Amino acid sequence: WSLLDTRTGKTCVLPEVRSWAGAFSPAGQAFVANTALGIALLRSDCTGSLQSLGLPAEEEPTFASWSPDGKALLVVTHRSLPDSKTGLLVTSYLINQAQKEPVVVDQGPGRPIPPIWSPDGARVVVAAPSWGKVQVLDQAGGVVWATSLAASSVWNLGWSPDGRSIVLHVDVYINDGSSRSYVYILDAATGKTRFRV
50 WSLLDTRTGK TCVLPEVRSW AGAFSPAGQA FVANTALGIA LLRSDCTGSL QSLGLPAEEE
110 PTFASWSPDG KALLVVTHRS LPDSKTGLLV TSYLINQAQK EPVVVDQGPG RPIPPIWSPD
170 GARVVVAAPS WGKVQVLDQA GGVVWATSLA ASSVWNLGWS PDGRSIVLHV DVYINDGSSR
230 SYVYILDAAT GKTRFRV
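Each residue of the sequence shown is one higher than the last, beginning at 50 in the numbering used here.
To be clear, the hints were calculated from the coordinates, so they are not data collected in a lab.
Quick list of the computed label-pair ranges, beta carbon to beta carbon: (1) ARG229 with VAL153: 28 to 36 Å; (2) PRO158 with ASP118: 29 to 37 Å; (3) GLY207 with ALA147: 25 to 33 Å.
Just so it is clear, the structure is predicted and the values come from calculations on it, not from any experiment. Idealized CB from N, CA, C, for every residue including glycine.
Go ahead and model the full structure; you've got the sequences and the hints to work with.
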């Protein structure tokens, strides 16, 4: 893995990096990667300095989502479950500069779902990996609200530009093997469903 400075065209090799979670901090100074020391925060100035995030070594980062002010980071990881139908155990961690330890936000078998921060960066919406649980957290990991929708899976989370609504797409699997898809609009302050299409 290498970093490319788009201003100069110079690259630097990142020998410790095995994979990365695909998101730089808002100021572009750091990013999350899987390294020889586990999941870590790396500086993007090619100094090679890295800071372990204190997450289990057997987990792989899938998504990293920064709050717009760069003070909080939500990392979604996965690891293999050999005895599970889904094959993956997905865990979401909230990491805040003001806290010593990561907060486990959600965990379960299924597929990783990227979390999305509100436009003002004060809240983040997180969906459970394999069923209809949706919750909104503050930057410290406190639950603002949580709701359960009649859904087999939730995906495509999004905030309205004014931060007053959350949109999400759900799939509902039916006993005959078919499925139905819906789009929900939730009230961002309460989690109540405004309408479903």
